[in-house]
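Residue numbers (the working numbering), protein chains in the order written: chain A, 1 to 438; chain B, 1 to 199.
One should not assume that every hint holds.
As the list claims (entries may be wrong) - Far from chain B, some chain A residues (derived; all Cβ distances over 12 angstroms):
(1) Ser25
(2) Asp48
(3) Asp96
(4) Arg172
(5) Asn189
(6) Asp193
(7) Glu256
(8) Asn261
(9) Thr263
(10) Phe332
(11) Leu347
(12) Leu396
(13) Asp400
(14) Ile408
As the list claims (entries may be wrong) - Calculated pairs, EDC-like style, for lysine to aspartate or glutamate (alpha carbon to alpha carbon, straight line, at most 20 angstroms):
(15) A:Lys175 to B:Glu43
(16) B:Lys44 to A:Asp31
(17) B:Lys44 to A:Asp190
(18) A:Lys194 to B:Glu98
(19) A:Lys392 to A:Asp193
(20) B:Lys122 to B:Glu12
(21) B:Lys180 to B:Glu3
(22) A:Lys248 to A:Glu271
(23) A:Lys87 to A:Asp31
(24) A:Lys20 to A:Asp56
(25) B:Lys44 to A:Glu256
(26) A:Lys433 to B:Glu98
(27) A:Lys99 to A:Glu256
(28) A:Lys194 to B:Glu43
(29) B:Lys44 to A:Asp182
None of these hints come from the bench; they were simulated from the model.
As the structure is a computational prediction, the values presented were derived from the model and not from experiment.
Note that CB positions come from ideal geometry on N, CA and C, so glycine has one too.
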Amino acid sequence: MVSNWCRCTSCHAGYGWKDKNFDLSQEEKIDCLVCHDTTGTYKKFPTDCGYPPLKDKVFAGKKLFKAVNLSFIAQNVGRSSRESCGKCHFFSGGGDGVKRGDTDSTLVKASRKLDVHMDAKGLNFSCATCHTTLAHQIAGRHYDTPAPGKRNLALPKDEGYRLKCESCHGARPHKPEKGLFDWRLIKLNDHTDKVACQTCHIPFYARGKPTNTYWDWSTAGRFNNGKPIVEKSPLGPPSYHTKKGTLKWGRNLVPEYFWYNGTFSYLLPGEKVEANEPITLIKPNGSPEDKESRIYPFKVHLGKQPYDPQNKLIIIPKLFGPKGSGAFWADFDWIKASRAGMAEAGLPFSGKVSFVETVQYHALSHMVAPKEDALTCASCHTRKDGRLAKIKGVYLPGRDFSPWLDRIGWLACIFAFIGVTIHGGLRIVLARKSRKED
Amino acid sequence: MKERLYLYTRFERFWHWTQALLIIFLLLTGFEMHGTISIWGYEKAYIWHVYAGFALIVLTAFGIFWHFTTGAWQHYVPVKEKISQIIHYYTRGIFYGEPHPFEKRPDQKLNPLQRVAYLFLKVILFPLQLLTAFLLLFYEWWPHLGINLNLQQVALYHTAGAFAFLFFLIVHVYLSTTGKPWYSHLKGMFLGWEEIEKN
């Protein structure tokens, strides 16, 4: 965001967040309508620092943004909806489904298959059904530290704390449909001490729109006879874009799994980091010894980003701005963009730019599949290539065994078998011989 | 000269064969969960393993009751006599048609080696398997029961027990063919009556 204010703040909400001096505590700068508009006509202009267009305006020479009718919108305010939240959250990363992999515009009219809770013909949850609010404090899972906190259940008195799966489903969530007792479900319920609900119930991600899995900024800035290049990938979004570089996309992807206690570690701006690739920007905290940790699914995003090899800093480049400002999307010069961006961020810049591999992990919690699509036992309880093949610190039957014990056990049994075979063979042969001698 | 003896009562035969089937089934489902073989898939193997395990416990409860009420437990009391002769028989004599040094009778059905082997099975192996099975099944209860064990170790003990049962099964099945004729022990275990050679 730093140095790209007026573009980024069309979502990162607030009116007139145009530089680093913006005061987030000013209540009159809060955009109420972006959440509470029910007409669907309230739109922010992409590059106006969070303001909606007050007269007709064209974005990027193509898309017309009509002036918003503020009095009409103000007369029709109401509760937030999937549409109002989704206007920003479905498009994080700069496009539909780009960043998260588990939230995109297909959730507006979700099918049961896509999201069992938001199923438009079924439970029809809005975002705020789970992301409950108390005095405009919205329950979020991953950004507050520690987010999920204790595994409390949502009793009526806990209105406003309904974020976690356990809030409604409890710590032993699988209940028999008929009868009181089902051994299968008892064992499934035993899993909740180590395995998060999401691990089995989000078997794949990017099930709506394709999501970005790889973003190589180092190739950005190429032109074809002076014209910017946009190459489409088979899934639709660009595989190359002059402004953005080389991009890879995926749909119906298998998550990767890590121990996670609900908190993340972030590489902070200005934090020195060796170029031991890949550099981890965001990583989940957790370990098998930590009682709050569960095995949890993640989208892994790989990238190649500008880096200052002398100061050992990930560069925050200026991307957005007019020609001559150093903005990469106007001047297409990484050194200028880095100088401008780092200056605005108040960080040193050596004048050298290299590109380093980076990786970040996004926890997956949306697009919960219906129960018939959940993972089955053998997805993890298998010798080879199970979903949890890399998870350490837990004995996983079917995956784990002691090679020595197995070797000794099988050797003993094979020797026994060979032994009795020889013994039996000798009995037959010698019995025949003695019969002949008789 | 041969004598026809009623060695195995109806309950004993029912107990023996049901136990045999359950143990074979537990071995198959267990080794499926272990990742060695693949027949029914993990989920079915797991649930059937649990069911078969409980069935074996019920059967064993009846078995223990039967052993104590009938006094059949006395067949497993170890004795020292003739052990060396029996070892000699199985390593030499059996090949040359020598008679078995031990004479089966209704009041002593098991030879001294069998006594030791079955006693080991009943006193060590069965309890080991049962105990580790319960620990694995109810590992969620450990903290409430004050049990502080390592799940992996318990699982490996259970696996070791499974190998011991398989080893026993191989040898046991083979030794059941050492009667005269080869099927006479088997026939006895099916019908209760066995023809015993008198020395």
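Verification of the hints:
Interface exclusion of Ser25 of chain A from chain B stands, the closest Cβ pair being 46 angstroms apart, more than 12 angstroms. The beta carbon of Asp48 of chain A is kept farther than 12 angstroms from every beta carbon of chain B, the shortest such distance being approximately 56 angstroms. Against the 12 angstroms criterion, Asp96 of chain A stays outside the reach of chain B, whose nearest CB is about 37 angstroms from its own CB. Against chain B, the non-interface label of Arg172 of chain A is violated: not every CB pair exceeds 12 angstroms, the least being about 9 angstroms.
Distance check for Asn189 of chain A against chain B: the nearest CB is about 8 angstroms away, which does not clear 12 angstroms, and the non-interface claim fails. At roughly 7 angstroms, the least C-beta separation between Asp193 of chain A and chain B is not larger than 12 angstroms, which violates its mark as non-interface. At roughly 22 angstroms, the least C-beta separation between Glu256 of chain A and chain B is larger than 12 angstroms, which holds for a residue marked as non-interface. Chain B leaves Asn261 of chain A outside its interface by the beta-carbon criterion, the shortest separation being 19 angstroms against a cut-off of 12 angstroms.
Once the 12 angstroms rule is applied to beta carbons, Thr263 of chain A is consistent with being away from chain B; the minimum gap is 24 angstroms. No Cβ of chain B comes within 12 angstroms of the Cβ of Phe332 of chain A; the nearest lies about 55 angstroms off, and the non-interface call holds. Distance to chain B confirms Leu347 of chain A as a non-interface residue, since its nearest Cβ pair spans about 48 angstroms, more than 12 angstroms. Its closest Cβ contact with chain B, about 10 angstroms, brings Leu396 of chain A to no more than 12 angstroms, contrary to its assignment away from the interface.
The non-interface label for Asp400 of chain A is inconsistent with chain B: the shortest C-beta to C-beta separation is roughly 7 angstroms, within 12 angstroms. Under the 12 angstroms C-beta cut-off, the non-interface status given to Ile408 of chain A relative to chain B is violated; the minimum distance is some 8 angstroms. Between Lys175 of chain A and Glu43 of chain B, the direct Cα distance comes to roughly 18 angstroms. Compliance with the 20 angstroms bound is thereby established for this hinted pair. Note on Lys44 of chain B and Asp31 of chain A: the hinted pairing is violated, with a Cα-Cα distance of about 55 angstroms set against a maximum of 20 angstroms.
Taking the CA atoms of Lys44 of chain B and Asp190 of chain A, the gap is about 17 angstroms. The hint holds against a cut of 20 angstroms. With a C-alpha separation of about 62 angstroms, the suggested pair Lys194 of chain A and Glu98 of chain B falls outside the 20 angstroms cut-off, and the hint is violated. Taking the CA atoms of Lys392 of chain A and Asp193 of chain A, the gap is about 15 angstroms. The hint holds against a cut of 20 angstroms. Simply put, Lys122 of chain B and Glu12 of chain B have alpha-carbon atoms about 15 angstroms apart, close enough for the 20 angstroms limit, and the pair holds.
For the suggested pair Lys180 of chain B and Glu3 of chain B, the alpha carbons sit about 13 angstroms apart, so the restraint of at most 20 angstroms is met. For the hint linking Lys248 of chain A to Glu271 of chain A, the alpha-carbon distance of about 28 angstroms lies beyond 20 angstroms, and the restraint is violated. A distance of roughly 13 angstroms separates the Cα atoms of Lys87 of chain A and Asp31 of chain A; the hinted pair therefore holds under the 20 angstroms criterion. Only pairs whose Cα atoms come within 20 angstroms are accepted, and Lys20 of chain A paired with Asp56 of chain A is rejected, the gap being roughly 28 angstroms.
A C-alpha spacing of about 26 angstroms is found between Lys44 of chain B and Glu256 of chain A, which places the hinted pair above 20 angstroms, so the restraint is violated. Of the pairs offered as hints, the one joining Lys433 of chain A and Glu98 of chain B holds, with about 14 angstroms between alpha carbons and a cut-off of 20 angstroms not exceeded. Pair hint Lys99 of chain A plus Glu256 of chain A holds up; C-alpha atoms about 16 angstroms apart against a cutoff of 20 angstroms. Taken as a hint, the Lys194 of chain A and Glu43 of chain B pair is honoured in the structure, with Cα atoms around 19 angstroms apart against an allowance of 20 angstroms.
A hinted pair counts as satisfied when its Cα atoms are at most 20 angstroms apart, and Lys44 of chain B with Asp182 of chain A qualifies at roughly 13 angstroms.
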